[in-house]
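Asker: Modelling step: build the complete structure from the supplied sequences, incorporating the hints.
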Amino acid sequence: MLRRKPTTITLTAADIEQYEANRQRKLWEQQQQQLQEQAATQENFKGEKQKDAKDDLKSLKEKSRKDRIMGASH
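For the sequence shown, full-length UniProt numbering gives the first residue as 1, with consecutive numbering after it.
FYI, nobody ran anything at the bench for these hints, they're computed from the structure.
Treat each hint with caution, since some may be false.
As the list claims (entries may be wrong) - Across the chosen pairs, the derived CB separations fall in these ranges: (1) Glu43 with Arg23: 27 to 35 Å; (2) Lys54 with Ile16: 54 to 62 Å; (3) Asn44 with Gln18: 56 to 64 Å; (4) Lys58 with Arg23: 51 to 59 Å; (5) Arg3 with Gln32: 25 to 33 Å.
Heads up, the beta-carbon is just placed ideally off N, CA and C, and yes, glycines get one too.
Answerer: This is how it looks when you write it as structure tokens:
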């Protein structure tokens with residue numbers, strides 16, 4: 001059986017710089033995605049608060065209209 005030389009891997013400074021740049025880019029992308037998710041969550045929460053406030057205001061208007069028509073019962 002023939003034997004061949006073991007494979008050797010050589011890393012240059014450019015290889016290491018490229019690896020570090022890719023790693024930094026991936027970390028940055030991950031952070032941006034997390035920030036976008038947080039912003040979307042906050043927007044949804046604000047939207048729900050505004051909906052709740054509008055629903056509360058609407059129910060108050062409906063109650064006062066009913067009270068005006070039927071008379072306030074205390």
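Asker: Just to be sure I understand the hint, the distance between the Cβ atoms of Glu43 and Arg23 should be within 27 to 35 Å; is that true here?
Answerer: holds, 31 Å
Asker: So the hint says 56 to 64 Å: do the beta-carbon atoms of Asn44 and Gln18 match that?
Answerer: This hint is violated: roughly 39 Å between Cβ atoms.
Asker: Could you check the hint for me, namely that Lys54 and Ile16 are 54 to 62 Å apart, CB to CB?
Answerer: Holds, at about 57 Å.
Asker: Would you say the C-beta atoms of Lys58 and Arg23 sit inside 51 to 59 Å of each other?
Answerer: Because 53 Å falls inside the window, the suggested range holds.
Asker: Starting from the range 25 to 33 Å, see whether the pair Arg3 and Gln32 falls in it by beta-carbon distance.
Answerer: Check failed, 50 Å falls outside 25 to 33 Å.
In summary, the structure is inconsistent with hints 3, 5 from the numbered list given earlier, while agreeing with the others.
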